[in-house]
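Engineer: Top to bottom, those sequences are chains H and G. So for the first sequence, my numbering puts the first residue at 4; every next one is plus one. So for the second sequence, my numbering puts the first residue at 66; every next one is plus one.
Since the hints were made in silico from the structure, they are not lab data. Don't be surprised by glycine CBs; every beta carbon is placed ideally from N, CA and C. Some hints could be false.
[As the list claims (entries may be wrong)] Listed next, the stretches of chain G that the computed footprint assigns to chain H, with coverage defined by at least 3 CB atoms under 8 angstroms from CB atoms of chain H:
(1) 75 to 83
(2) 115 to 129
(3) 246 to 260
Here's the letter readout for the chains.
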Amino acid sequence: MTFRMDPRAKLYLLLLANLMLLFHVGTGAEAAATALCLLLFFLSGKARAGVRLSVLYFGLLAVDLFVVPRVGESVLLNLLSLVSVGVRMMLPCIITGAYAFSTTTVGELTAALRRMHLPESIIIPCAVVVRFFPTVGEDYRHIRAAMALRGIAAGRGALLRHPVQSLEYILMPLLMNSNNVAQDLSAAALTKGIGLPGRHTCMTELRLTAWDFLYPALCTLPLLWKVVTLL
Amino acid sequence: MNQKFNKLTVPDLISVGVFTALYFVLVTVATFACALLPGVGNILLPAVAALISGSVYMLLAAKLQKFGGITIMGLVMGLFFFVSGHFVLSFAANIICGVAADLVAAAGKYRSKKLLLASYVVFSYGLTGPILPLWFMKSAYIANLTARGKDAAYIDTLFAPINSGSFVVSILAILICALVGGFFGQKMLKKHFEKAGIVA
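Generate coordinates for the entire structure from the input sequences, incorporating the hints supplied.
Structural biologist: Structure below.
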């Protein structure tokens, strides 16, 4: 059975990852919390993404621990190690974000946002954004196919040779289509009663389970331990 | 707050969502484009994004002609930056710039080309959020180096040009690129959408 976490617990984890970055917790605490977040990928049946991110994070951690102390005085090497350390410090946030993004459905997100009493004027655009991302990719492929058919910007790197033209030829059909999709979505959503006043119900039932409290609490421990030792 | 939002209807909100998604995709494209330039790339990210997404912004502004749309766009952008693992600060930067940009555009009743351009420039500064941690992390990295016994004067010479110079360059680049991108967007809007009668 795969483990499903409540979107609200995921939001808390994101906040936690951001706080760790803001307060510069030590490398040990950061690694411990990140390992816990990486474990979530494996628990949710996203083992491949989990392996990839783990290799990246622990690879950079190894660079920081074993290579950076030996870089010496070379400016170039110092710059490179700055980049590697910088990327590593950003990774906990990105890992938690990737987890939240890849495991939350539109229904869950809407239900969670409603439970958090956000106004509908924010929930609706959020749901549309999530729903619309795949459409953009699909449209892009159609546009490129149509361009190739007419022999415009065919081949690798051709887009970069006429950047302004590429921008116009790709973006304008995208915008045109988005405009139409916005109208279609509105019609569909209004038919389903999204504009009605009062409380809306959700297909997805969200319940905070014990795990939704335990796991984030576990992830908080490294940060907490750091704060305690500082005091 | 709610009073202003109430004027936006559900189709308006859906349009905001659709165009925010497009805008977010363009910012992501800009991120990847910038990642190709090692090191300095990230600093120019908001500028590149501002350069390419002018038409999205202009179309949204022309379509809605109401207060609140741009604000919500900034808010939702901030939310998605946060969820996709960017810094909490990007959330704040997007909201503040979103509201400010909305006010500027509203001053011209969403018709004045100049004020719309200005409002796009303001909105583009909201994108500095994702790169702000660069400056935060630099101090952490320096602390790291100092703790390992590197000479403080040496560290200063290493980072002096990256610090103040890059910040000014980044801010100026956003201004110029947002002006160019916004102007390009307005031109495109006129060429493709006004003639077709999609927006007035």
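Engineer: A separate judgement is required for each hint: does it hold in the structure or not?
Structural biologist: Structure-based check of all given hints:
Check result for the region 75 to 83 of chain G against chain H: holds, 8 residues qualifying (beta carbon to beta carbon below 8 angstroms, three or more required). Coverage of the region 115 to 129 of chain G by chain H holds. Counting CB-CB distances below 8 angstroms, 5 residues qualify, and the rule asks for three or more. Only when three residues or more bring their CB closer than 8 angstroms to a CB of chain H does the claim for the region 246 to 260 of chain G stand; here the count is 4, and the claim holds.
Of the numbered hints listed earlier, not one is contradicted by the structure.
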